[in-house]
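Asks: Letter by letter, the chains look like this.
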Amino acid sequence: HGRLKVKTSEEQAEAKRLEREQKLKLYQSATQTVFRKVGPSERQAGELDESVLELTSQILGANPDFATLWNCRREVLQRLEAQKSPEELAALVKAELGFLESCLRVNPKSYGTWHHRCWLLGRLPEPNWTRELELFHCWDYRRFVAAQAAVPPAEELAFTDSLITRNFSNYSSWHYRSCLLPQLHPQPDSGPQGRLPEDVLLKELELVQNAFFTDPNDQSAWFYHRWLLGRADPQDALRCLHVSRDEACLTVSFSRPLLVGSRTDTLLLMVDESPLAVEWRTPDGRNQPSHVWLCDLPAASLNDQLPQHTFRVIWTAGNAQKECVLLKGRQECWCRDSATDEQLFRCDLSVEKSTVLQSELESCKELQELEPENKWCLLTIILLMRALDPLLYEKETLQYFQTLKASRAVDPMRAAYLDDLRSKFLLENSVLKMEYAEVRVLHLGHKDLTMLCHLEQLLLVTHLDLSHNRLQALPPALAALRCLEVLQANDNAIESLDGVTNLPRLQELFLCNNRLPQPAVLQPLASCPKLVLLNLQGNPLCQAAGISEQLAELLPSVSSILT
Amino acid sequence: MANSLPTEFDVVVIGTGLPESILAAACSRSGQRVLHLDSRSYYGGNWASFSFSGLLSWLKEYQQNSDIGEEGSTAWQDLIYETEEAITLCRKDETIQHTEVFCYASQDVNDNIEETDVLQKSPSWVASSTLIKPLDSACLSEETHPLYVSSYEMSAKDTTKNNGEVTDAAETLVKEYCRYKTYKHTVSDGAKDETKPILEDNSDPPKRNRITYSQIVKEGRKFNIDLVSKLLYSQGLLIDLLIKSNVSHYAEFKNVTRILAFREGKVEQVPCSRADIFNSKDLTMVEKRMLMKFLTFCLDYEQHPDEYQAFVQSSFSEYLKTKKLTPNLQHFVLHSIAMMSDSPCTTIDGLKATKNFLQCLGRFGNTPFLLPLYGQGEIPQCFCRMCAVFGGIYCLRHKVQCLVVDKESGRCKAIIDHFGRRISAKYFIVEDSYLSEETCLNVQYKQISRAVLITDQSVLKAESDQQISVLIVPPVEPGACAVRITELCSSTMTCMKDTYLVHLTCSSSKTAREDLESVVKKLFTPYAETEIDKEELKKPRLLWALYFNMRDSSGVSRSSYNGLPSNVYVCTGPDCGLGSEHAVKQAETLFREIFPSEEFCPPPPNPEDIFFDGDDKQPEPSGTSNIVMAKLESSEGSKNLESPGKHLQN
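Line by line, the protein sequences give chains A and S.
So that you can map any letter, position 86 of the first sequence is 86 in full-length UniProt numbering, and since no number is skipped, the others follow by simple counting.
So that you can map any letter, position 319 of the second sequence is 319 in full-length UniProt numbering, and since no number is skipped, the others follow by simple counting.
These are calculated hints, taken from the structure and not from any lab test.
Misleading hints may appear alongside valid ones.
Computed list of lysine-lysine pairs in DSS-like fashion (alpha-carbon distance at most 30 angstroms, straight line) [unchecked claim]: (1) S:Lys324 <-> A:Lys203; (2) A:Lys405 <-> S:Lys497; (3) S:Lys281 <-> A:Lys365; (4) S:Lys461 <-> S:Lys92; (5) A:Lys365 <-> S:Lys324; (6) S:Lys254 <-> S:Lys92; (7) S:Lys254 <-> A:Lys203; (8) A:Lys203 <-> S:Lys461; (9) S:Lys321 <-> S:Lys522; (10) A:Lys16 <-> S:Lys244; (11) A:Lys365 <-> S:Lys293; (12) S:Lys497 <-> S:Lys539; (13) S:Lys407 <-> S:Lys461; (14) A:Lys365 <-> S:Lys323; (15) S:Lys281 <-> A:Lys203; (16) A:Lys447 <-> A:Lys433; (17) A:Lys405 <-> A:Lys395; (18) S:Lys293 <-> A:Lys203; (19) A:Lys405 <-> S:Lys324; (20) A:Lys37 <-> A:Lys94; (21) S:Lys254 <-> S:Lys521; (22) A:Lys365 <-> S:Lys461; (23) S:Lys254 <-> A:Lys405.
Which chain S residues stay away from chain A? Per the calculated CB distances, all over 12 angstroms, these [to be verified]: (24) Thr7; (25) Lys293; (26) Asn366.
Each residue gets a CB set at the ideal place from its N, CA and C atoms; glycine is no exception.
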């Protein structure tokens with residue numbers, strides 16, 4: 001008696017269903033009307049008027065992701081611009097901005113709405129940028145507005161400060177800082193671009209340290225830390241130029257992979273100071289972007305009549321060149337940068353002052369003592385050690401890898417990444433050691449390698465030992481080893497040999513105790529003209545019936561095949 | 001109006017404190033006919049908030065120790081039938097004791113005149129004859145009685161006495177105040193000379209704002225001074241109830257902005273959230289890590305028993321020492337985060353308290369606490385409002401003389417009010433302070449020591465002067481009580497611009513002043529002494545101070561009351577704690593006892609799902625719209641503000 005009564009849930013559901021149906025009806029009829037109005041014939045009839053604005057606003061209000069309708073609105077607004085008085089236009093624009101705002105409240109992630117807002121503001125004579133900055137926080141839109149309004153980077157930096165203060169797990173804020181800081185502190189032209197002056201760098205490092213000491217499991221801070229300590233891409237350079245008289249071949253390696261077309265606009269070869277048109281190809285024959293490119297030389301440019309031939313390769317885009325001289329009577333010549341560690345492998349982490357790195361290393365070690373299993377901390381320690389001195393810290397680095405692998409924090413999905421990273425660092429160290437020893441023999445046996453990299457650095461290596469690792473393949477990049485004569489790869493898990501192809505000097509290949517499945521995988525070896533000894537003992541393919549015959553057929557020139 | 005009050009209800013609630021108000025709302029929400037009475041002229045009982053002049057009037061009431069409304073009431077003895085007996089209720093409120101007031105701000109009468117012109121321009125003062133708070137003007141349905149007879153009413157009365165003349169009113173209040181002073185000296189002979197108010201003040205350092213007593217009086221409506229200083233845990237029973245029942249719509253809240261600690265004679269900010277720790281300039285990197293690590297562990301300490309199992313027998317502070325925390329961090333965790341300064345608390349209790357604190361973080365802001373704007377006194381009123389929306393009837397200044405008990409059944413059947421009118425009901429809910437001495441013969445009460453200060457600066461200056469701070473001052477000697485301080489800035493709508501309202505609370509061992517004065521002296525300096533000491537100059541200055549003891553009936557069990565019928569339920573007054581969990585728990589427990597099958601404060605239905613059943617006396621859609629419209633402003637509302645009690649008295 002006299003009490004409040006509430007509808008039952010069935011009644012509520014029924015009411016909701018009716019409401020939805022009603023809405024759908026309205027939506028569909030409005031859409032149809034709009035499409036009728038904007039059809040090609042109606043356009044001419046001048047149907048694109050304010051009624052279209054009204055209709056589309058009904059639909060967009062419910063579903064702001066209807067891109068076609070935003071286009072209609074733009075067309076109408078453009079038309080009205082020509083027809084209306086400034087006052088009327090101002091009112092129209094105000095209404096449009098208000099409408100956009102309400103749409104954004106419905107769906108703040110609607111691209112169409114943001115795009116329309118950008119478009120509209122771009123057309124205004126005096127847009128109120130300050131209001132836009134205060135009203136919205138959407139990163140892309142903010143960058144647009146900040147650029148349009150020429151907001152000083154210092155103010156934007158202060159904005160990221162305030163966000164980070166509230167909650168430092170903010171990838172976008174850290175990222176925005178990495179864009180703003182180089183703008184605020186431009187380096188002199190000669191210096192490496194994108195780097196920060198030391199005082200700024202130290203302040204940023206302190207900030208980011210605060211973050212990872214507070215919460216070492218938050219990745220955003222570690223990523224920013226990596227950026228702070230990293231540097232811009234290395235300068236484009238030709239690393240090595242090699243000419244072989246026997247193979248009538250010229251090989252070049254570059255600081256980064258590139259694609260060389262058939263025309264001369266990427267690479268220009270000058271032989272004895274006159275340009276020579278050649279066909280460039282990659283060692284593996286795939287002609288995809290590669291560190292190493294080579295070309296055949298015509299007999300004329302190698303003849304022994306002249307006392308010497310000069311070969312110069314100019315990399316037009318990279319603004320770099322290299323030259324070498326083949327003397328009479330010599331089989332080969334080369335010119336290469338002495339591979340100091342600085343140039344080669346410190347790209348990931350490097351700052352001018354190693355004192356900064358040193359102190360970063362110390363605080364990370366301090367943190368590691370508190371958080372012995374934190375993967376980000378361990379990884380950063382490893383990276384810092386490599387940046388400081390890869391050979392000095394080699395043993396310690398390996399121990400940290402051990403800790404990292406053992407720690408519960410690393411999930412199995414990342415285990416392979418760590419193995420590969422470790423392989424990369426070990427390989428780099430071996431290459432450095434070889435460089436210092438000035439030999440062309442590289443021992444990589446018993447290193448637990450899971451992958452090969454930096455093979456483009458090994459153009460001149462004649463003997464390579466990869467035995468007793470965990471390699472699953474000899475990758476295509478191995479084809480860059482143009483001077484390789486002996487390759488030992490026993491006791492791995494190798495299943496494919498794509499990289500053992502077109503190696504002009506390869507004579508002996510040891511592949512005992514691998515996982516080569518059937519003779520077909522040996523196909524690439526057929527392209528190695530000088531291969532005489534092949535040891536396949538302990539591979540599954542040895543079990544196949546008639547293996548000797550198959551191999552003899554596949555590799556007729558290899559005189560000695562052990563199975 | 002008097003005659004229109006029905007004489008039959010389902011539930012009669014006496015007292016408008018928080019637990020009674022929640023219960024009233026819950027009963028009304030579940031369809032019971034509720035009559036909610038309070039003998040006072042304001043809502044909330046000891047949970048109330050007052051304007052400055054309202055507080056002075058409140059003080060006057062207690063200090064004059066007057067028998068409230070003795071004369072007007074009709075004899076009730078004749079109204080009891082033979083088959084009945086009566087349980088008298090208490091006529092005097094004895095829950096407040098040892099009130100002492102100190103004024104340090106200049107009371108120069110000339111100030112009065114000087115400042116008047118300036119102040120009259122202030123719109124809020126001009127509006128003094130109407131009521132300021134938007135909530136007050138809320139218009140409720142016609143059948144239900146108006147709810148917001150605010151605490152301002154008393155001061156409004158004062159004003160009208162003096163024909164609304166602003167200056168007159170202020171002067172009257174100053175005079176009244178002087179009477180309190182005299183009174184105080186007669187009561188507490190231990191009052192020393194240093195505490196005497198200093199009337200002349202010519203030694204103002206120019207830097208600080210000069211705030212005079214008359215300014216405080218004139219801007220008194222901007223104060224909302226709580227009798228109890230409580231906050232809401234962001235994840236607590238009260239906030240859950242407010243949200244669940246939609247009562248939260250009736251109030252606004254602010255997050256406490258910082259947690260402070262008092263260590264080695266200095267006030268410092270406690271980094272308690274992840275953001276605080278990240279931003280702290282005082283902690284070293286390693287301290288940041290250790291604190292974060294410990295706090296993170298506390299969040300799910302139950303999952304890591306090996307981390308604390310060995311320390312179950314030892315105290316929390318001993319346990320903290322083993323956690324590689326530096327002394328400052330130990331202090332922060334023990335006193336400011338776990339807030340376990342008082343008793344030697346066990347490791348488990350400490351971990352539980354820390355976890356509770358941390359779980360509250362981040363829900364509404366970077367500290368675990370919320371504060372209702374316009375003071376904590378808003379909260380009981382919000383529940384009253386909900387009760388009224390669902391048909392509850394309200395009468396303030398309505399005294400109840402006795403409960404009528406049916407001899408045969410032993411159940412209470414009615415009350416007799418001060419008009420001698422009999423109002424019957426099935427259930428009766430009475431707040432402890434209404435019960436007579438006889439009923440409470442065996443009851444042992446605890447006491448709460450309270451101080452309310454008006455100061456001119458914050459205890460810890462920061463970039464923004466609008467800080468809301470919670471500070472725990474640990475006991476100096478073991479066994480004593482920690483003092484909880486909340487400092488409110490003017491944007492909380494509890495004090496005027498350029499002042500701070502400071503609440504001190506601890507459980508009493510002596511009188512409030514004896515318990516709290518030492519802490520006050522450590523943190524503040526009286527307004528006039530500034531000239532003397534440079535060190536003292538840095539402290540905020542006291543403009544005005546009030547000490548009082550409040551009865552804490554929270555621990556009293558039902559069985560200690562004599563001879564109460566089983567259908568009379570007792571609600572207790574405020575406890576000493578920071579949150580209001582006790583009151584909410586009590587209300588819910590009592591509700592479940594009375595109506596075991598009903599849901600406790602369920603969310604109100606959507607307005608479109610509501611219709612009224614039959615009876616055309618019931619409120620029309622305007623009534624239902626109140627459910628969703630939190631703040632319905634209407635010019636009629638202020639007319640309605642005449643209290644029902646007034647009508648009934650006429």
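Asks: Now look at each hint and say whether the structure bears it out.
Replies: Now the hints, each set against the structure:
A hinted pair counts as satisfied when its Cα atoms are at most 30 angstroms apart, and Lys324 of chain S with Lys203 of chain A qualifies at roughly 28 angstroms. Restraint check for Lys405 of chain A and Lys497 of chain S: not satisfied, since their Cα atoms lie roughly 60 angstroms apart, outside the 30 angstroms limit. This hinted pair checks out: Lys281 of chain S and Lys365 of chain A have alpha carbons roughly 22 angstroms apart, not beyond 30 angstroms. For a cut-off of 30 angstroms, the pair hint linking Lys461 of chain S to Lys92 of chain S is broken: about 43 angstroms separates their Cα positions.
The suggested pairing of Lys365 of chain A with Lys324 of chain S holds, with an alpha-carbon distance near 18 angstroms, which does not exceed 30 angstroms. Taking the CA atoms of Lys254 of chain S and Lys92 of chain S, the gap is about 36 angstroms. The hint is violated against a cut of 30 angstroms. Between the alpha carbons of Lys254 of chain S and Lys203 of chain A the distance comes to roughly 34 angstroms, so the proposed pair goes past 30 angstroms and is violated. With a C-alpha separation of about 26 angstroms, the suggested pairing of Lys203 of chain A with Lys461 of chain S holds against the 30 angstroms cut-off.
Between the alpha carbons of Lys321 of chain S and Lys522 of chain S the distance comes to roughly 27 angstroms, so the proposed pair stays at or under 30 angstroms and holds. Between Lys16 of chain A and Lys244 of chain S the CA atoms are separated by roughly 23 angstroms; this keeps the pair inside 30 angstroms, and the hint holds. About 17 angstroms separates the Cα atoms of Lys365 of chain A and Lys293 of chain S, which keeps this hinted pair within 30 angstroms; it holds. A distance of roughly 18 angstroms separates the Cα atoms of Lys497 of chain S and Lys539 of chain S; the hinted pair therefore holds under the 30 angstroms criterion.
Restraint check for Lys407 of chain S and Lys461 of chain S: not satisfied, since their Cα atoms lie roughly 64 angstroms apart, outside the 30 angstroms limit. Proposed proximity of Lys365 of chain A and Lys323 of chain S is supported: the alpha carbons are some 20 angstroms apart, at most 30 angstroms. Simply put, Lys281 of chain S and Lys203 of chain A have alpha-carbon atoms about 13 angstroms apart, close enough for the 30 angstroms limit, and the pair holds. As the CA atoms of Lys447 of chain A and Lys433 of chain A are separated by approximately 15 angstroms, the hinted pair is consistent with the 30 angstroms bound.
Restraint check: the Cα-Cα separation between Lys405 of chain A and Lys395 of chain A comes to about 15 angstroms, which is no more than 30 angstroms; the hinted pair holds. Between Lys293 of chain S and Lys203 of chain A the alpha-carbon distance is near 25 angstroms, which keeps this suggested pair within the 30 angstroms criterion. Annotation: proposed proximity of Lys405 of chain A to Lys324 of chain S holds, straight-line Cα distance about 28 angstroms (limit 30 angstroms). Taken as a hint, the Lys37 of chain A and Lys94 of chain A pair is honoured in the structure, with Cα atoms around 24 angstroms apart against an allowance of 30 angstroms.
For the suggested pair Lys254 of chain S and Lys521 of chain S, the alpha carbons sit about 29 angstroms apart, so the restraint of at most 30 angstroms is met. A hinted pair counts as satisfied when its Cα atoms are at most 30 angstroms apart, and Lys365 of chain A with Lys461 of chain S does not qualify at roughly 37 angstroms. Only pairs whose Cα atoms come within 30 angstroms are accepted, and Lys254 of chain S paired with Lys405 of chain A is rejected, the gap being roughly 48 angstroms. With a closest Cβ-Cβ approach of about 17 angstroms to chain A, Thr7 of chain S is found to remain outside the 12 angstroms limit, as its non-interface label requires.
Lys293 of chain S, annotated as away from the interface, has a beta carbon of chain A within 12 angstroms; the closest lies near 7 angstroms. The claim that Asn366 of chain S lies off the interface is violated: its Cβ sits roughly 8 angstroms from the closest Cβ of chain A, which falls inside the 12 angstroms cut-off.
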